[in-house]
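Student: Starting from the given sequences, assemble the full structure and let the hints guide the process.
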Amino acid sequence: MIDLELNEKTEKVRANMKNLAKTLLRPISRKYDLAEHEYPKELDMFRSLPIMGKPKKKDPAAAAAAKAKKPADAEGGKIGANMSLVLSTEALCWGDAGLLLSLPNAGLGNAALIAVANDDQIARFGSKWIAMAITEPQSGSDSGSISTTAQLDGDHYVLNGEKIFVTCADRCDAVVVWATVDKSAGKAGVKSFIVEKGTPGFKLEKLEHKLGIRASDTGTFLLNNCRVPKENLLGNPEVVKQGTEGFKGVMKTFDNTRPLVASMANGIASAAVEFLKEQLEKAGYKLDYSKSVHNMSSVEKAYYRMEAEYEAMKLLTWRAAWMADNQQSNNLEASMAKAKSGRMATLITQECCDILGPVGFSRKQLAEKWMRDSKIMDIFEGTGQIQHLIVARNVLKLNSSELR
Amino acid sequence: MLDFSISKEQKMIKSEIAKLVKDLVIENAHDIDESGDIDPATIQAIWEMGISIASVPEEFGGFGDQSAPVDSTLILEELAYGDMAVAVAATLPSLFIQPLVMFGTPAQQKKYLPLYCSEKYKACTLAVNEPHFQFDVVSLKTTAVAKSGDYVLNGEKCFVPMARTAEHIMVAAACDGKNQLFIVESSNPGLHISDREKNLGLYGLESVEIKLVDCVVPASDRVGEANGCDFGQILQRTRVGLCAMATGICRASYEFARNYAKERIQFGEPIAHRQSVAFMIAEMAYEVDAIRLMTWQAASKLAAGKDATRESYLAKLYAGEKAMKICDYGVQVLGGHGYVRDYPMERFYRNSRGISILEAMATV
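Those sequence lines, one after another, are chains A and B.
Residue numbering for the first sequence follows our numbering, beginning at 1 and increasing consecutively.
Residue numbering for the second sequence follows our numbering, beginning at 1 and increasing consecutively.
In case anyone wonders, no lab produced these hints; they're calculated from the structure.
Computed from a predicted structure; not experimentally measured.
No residue lacks a Cβ here, since even glycine has one placed at the ideal position from N, Cα and C.
One or more of the hints may lead you astray.
[Stated by the list, open to error] Derived pair list, reagent style DSSO-like, types lysine-lysine, alpha-carbon separation capped at 30 Å:
(1) A:LYS230 - A:LYS197
(2) B:LYS178 - A:LYS286
(3) B:LYS325 - A:LYS277
(4) B:LYS141 - B:LYS178
(5) A:LYS277 - B:LYS306
(6) A:LYS206 - A:LYS183
(7) A:LYS78 - B:LYS14
(8) A:LYS286 - B:LYS306
(9) B:LYS211 - B:LYS11
(10) B:LYS325 - A:LYS397
(11) A:LYS41 - A:LYS203
(12) A:LYS364 - A:LYS286
(13) A:LYS22 - B:LYS306
(14) A:LYS397 - B:LYS11
(15) B:LYS211 - B:LYS141
(16) B:LYS262 - A:LYS187
(17) B:LYS11 - B:LYS122
(18) A:LYS301 - B:LYS14
(19) A:LYS282 - B:LYS178
(20) A:LYS22 - A:LYS286
(21) A:LYS183 - A:LYS230
[What the hints assert, rightly or not] Only some residues are given here: those of chain B computed to face chain A with a beta carbon under 7 Å:
(22) PHE4
(23) GLN134
(24) ASP136
(25) LEU191
(26) ILE193
(27) VAL213
(28) PHE279
(29) ALA282
(30) TRP296
(31) THR309
(32) TYR313
(33) TYR318
Tutor: Have a look at this one:
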């Protein structure tokens with residue numbers, strides 16, 4: 001039965017996470033915005049936390065036992081793993097999104113590992129910090145077009161190519177690299193491989209200098225005849241030529257990560273909305289949700305609109321995460337959340353600076369930083385345009401050749 | 001507990017209403033709008049679903065169900081999906097009944113509720129909006145002043161639905177600086193009812209302006225009598241009701257545009273194959289959902305017995321703005337066909353303007 005109220009326990013967890021962000025992340029937010037590429041050692045205390053969730057037992061008997069022990073939504077309204085991750089991500093990004101991306105052992109590669117790795121891979125890599133390498137100089141949103149190759153040679157795959165925009169490139173222990181085992185198979189030939197740091201032929205080429213999320217180290221890797229054990233391939237090694245099922249499996253990871261990126265956007269947006277409210281109240285505005293919108297100043301109206309947009313972003317995101325927790329396909333809803341949140345976080349943080357005037361342009365406050373940080377939310381994990389494409393194809397029931 | 005799914009019971013209510021709307025409303029919505037008349041049989045059929053009287057205690061003719069704000073949003077969405085004028089007209093008595101259930105004294109409940117909790121639909125209405133620039137529902141210009149045991153009301157109201165046939169009009173007026181509700185009988189000599197209004201939208205809904213000139217109302221007809229009512233709580237519920245109707249109009253607009261874009265062939269293929277059109281449809285799709293979710297969030301607060309001032313306020317602000325945008329996109333997708341009255345899109349466009357402007361046209 002529809003109920004969009006969080007229970008008290010969950011609200012408490014939310015408040016605690018925000019408090020954590022307030023005491024641990026906010027105080028060092030500017031420090032690592034300025035000290036780009038420097039490892040935020042203060043985050044080491046997070047190293048043992050299973051931020052990306054705990055791996056599920058792949059052994060069917062154990063999985064069944066775990067399921068029998070804890071039926072979905074038992075224990076008096078406990079929220080699921082995706083929802084809980086969305087809530088903590090938002091709270092921590094209220095603190096600092098760049099630092100959230102720098103939390104040890106919480107790379108996108110860790111999420112992929114948890115989603116698709118077998119028990120052996122979990123045992124070998126479960127305690128490592130794993131980044132994700134998809135993008136190439138000539139392959140952005142069209143990840144089916146990647147040209148990094150993986151050739152089977154005995155017990156190893158030999159990887160060759162260049163990967164850019166890899167988050168946590170410097171700090172991670174290993175990288176999940178997307179490569180094609182059969183270029184002629186198109187998307188179906190794309191597989192992902194765990195490549196450990198220190199593997200011969202695997203080189204961190206450079207770190208990017210960015211508009212925002214400067215606390216996060218984004219880098220380029222070169223793979224030059226890099227040999228990885230064949231057991232490092234994640235998922236099914238077979239190339240299923242009929243259709244794009246294999247690739248869809250890989251893309252499915254995104255159904256879980258897009259609500260996460262949306263919640264990062266929501267976190268930054270909430271920081272901007274909250275800061276603006278404080279400033280307006282200090283200046284004597286009374287924001288008590290009573291006045292008619294036709295009867296107030298443009299500043300007040302802009303503020304309320306930002307807060308309303310934030311609510312919409314938040315609810316679309318929660319829905320996508322909740323569906324994932326309840327075994328419902330959320331491909332459409334995840335993209336709706338990302339499309340909305342990515343775009344609106346950008347606009348909200350821009351407007352926040354605009355209304356704040358000189359305070360919004362100055363580096364004395366964090367508003368200008370949020371405006372820089374939020375912009376990436378409409379770009380990575382699929383640009384806003386790609387999200388609209390996914391939503392449109394979905395609701396119009398058109399395939400990728402009909403709606404390109 | 002957080003739950004985004006519709007329960008079996010809710011699904012049942014929703015599909016029952018949807019069936020009625022499909023049979024009686026959607027087919028006739030164009031004629032209703034053109035003629036300005038809703039077939040009384042349609043209103044009666046919707047009335048018989050018992051929406052407006054469900055939460056009225058059995059002793060007064062209701063079902064004695066617990067108030068279910070979320071269920072109400074589902075119903076209002078379905079009705080407005082068919083036609084907003086019908087949605088307002090068919091659920092209009094709720095606006096009169098609900099404040100009495102919440103704040104009426106036992107004597108008032110006993111006197112008025114059985115009158116309207118009958119098998120036959122009987123119009124009774126609520127007058128909140130006022131016909132002037134800078135209208136603000138929290139500071140009404142209509143006043144009620146206590147005078148020798150009675151209240152004297154003065155002021156003007158507009159968009160009062162079906163006031164010409166209603167025996168009782170509930171009037172919102174500022175009383176000692178606080179908004180209060182007063183029940184005015186249609187025969188009251190201080191009540192002056194105008195001819196039917198002509199508005200931008202809701203052509204099917206008969207509404208009027210009323211003037212209150214030294215209109216004397218006995219103290220026993222102030223809702224809640226000496227204690228009065230908490231008008232803020234009533235506003236929370238009417239705002240959620242309006243947002244639910246916005247969801248309905250927007251869904252209708254979105255679905256029509258989506259289907260049209262798939263069928264309309266230009267340059268040898270459906271216009272839906274163009275990103276400039278497809279992206280508008282995508283935006284419409286998630287904005288309809290966003291309006292609905294914000295409506296549900298506020299309704300969930302009410303269902304939990306909590307204050308929903310903030311949630312209902314933001315939901316109405318959001319719904320008002322996005323409804324206009326979604327219906328604008330809808331007209332744009334249809335192009336010239338969106339502009340002619342043979343298609344429903346221009347009606348959605350006109351009606352959607354009311355979401356941000358109007359107050360208290362439906363309640364949960």
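Student: Does the structure keep LYS141 (chain B) and LYS178 (chain B) at a Cα separation of 30 Å or less?
Tutor: 11 Å, holds
Student: Is LYS282 (chain A) within 30 Å of LYS178 (chain B), Cα to Cα?
Tutor: Holds, because 27 Å separates the two Cα atoms, which is no more than 30 Å.
Student: Quick one, are LYS78 (chain A) and LYS14 (chain B) close enough, alpha carbons at most 30 Å?
Tutor: 28 Å, holds
Student: Would you mind confirming whether the straight-line C-alpha gap from LYS325 (chain B) to LYS277 (chain A) stays at or under 30 Å?
Tutor: Holds, because 26 Å separates the two Cα atoms, which is no more than 30 Å.
Student: Tell me if the interface restraint on THR309 (chain B) is satisfied: Cβ within less than 7 Å of some Cβ in chain A.
Tutor: Interface hint status for THR309 (chain B): holds (5 Å vs cutoff 7 Å).
Student: Mind checking the CB of PHE279 (chain B) against every CB in chain A and telling me if the closest is under 7 Å?
Tutor: At 5 Å from the nearest chain A Cβ, PHE279 (chain B) passes the 7 Å test, so the hint holds.
Student: Can you confirm whether the C-alpha distance between LYS262 (chain B) and LYS187 (chain A) stays at or below 30 Å?
Tutor: Roughly 28 Å separates the two Cα atoms, so the pair holds.
Student: For a C-alpha distance cap of 30 Å, please report whether LYS325 (chain B) and LYS397 (chain A) respect it.
Tutor: Answer holds: LYS325 (chain B) to LYS397 (chain A) is near 23 Å, not above 30 Å.
Student: Taking the least C-beta to C-beta distance, is VAL213 (chain B) closer than 7 Å to chain A?
Tutor: Violated: closest Cβ of chain A sits about 26 Å from VAL213 (chain B), beyond 7 Å.
Student: So if I understand the rule, the pair passes when the alpha-carbon distance is 30 Å or less; does LYS206 (chain A) with LYS183 (chain A) pass?
Tutor: Distance ~27 Å between LYS206 (chain A) and LYS183 (chain A) Cα, so the pair holds.
Student: Holds or violated: are the alpha carbons of LYS277 (chain A) and LYS306 (chain B) at most 30 Å from each other?
Tutor: With a Cα-Cα distance of about 23 Å, the restraint between LYS277 (chain A) and LYS306 (chain B) holds, given a limit of 30 Å.
Student: Taking 7 Å as the limit, does the beta-carbon of GLN134 (chain B) come near enough to a beta-carbon in chain A?
Tutor: 5 Å, holds
When held up to the earlier numbered hints, the structure conflicts with 9, 18, 25, 26, 27 and fits the remainder.
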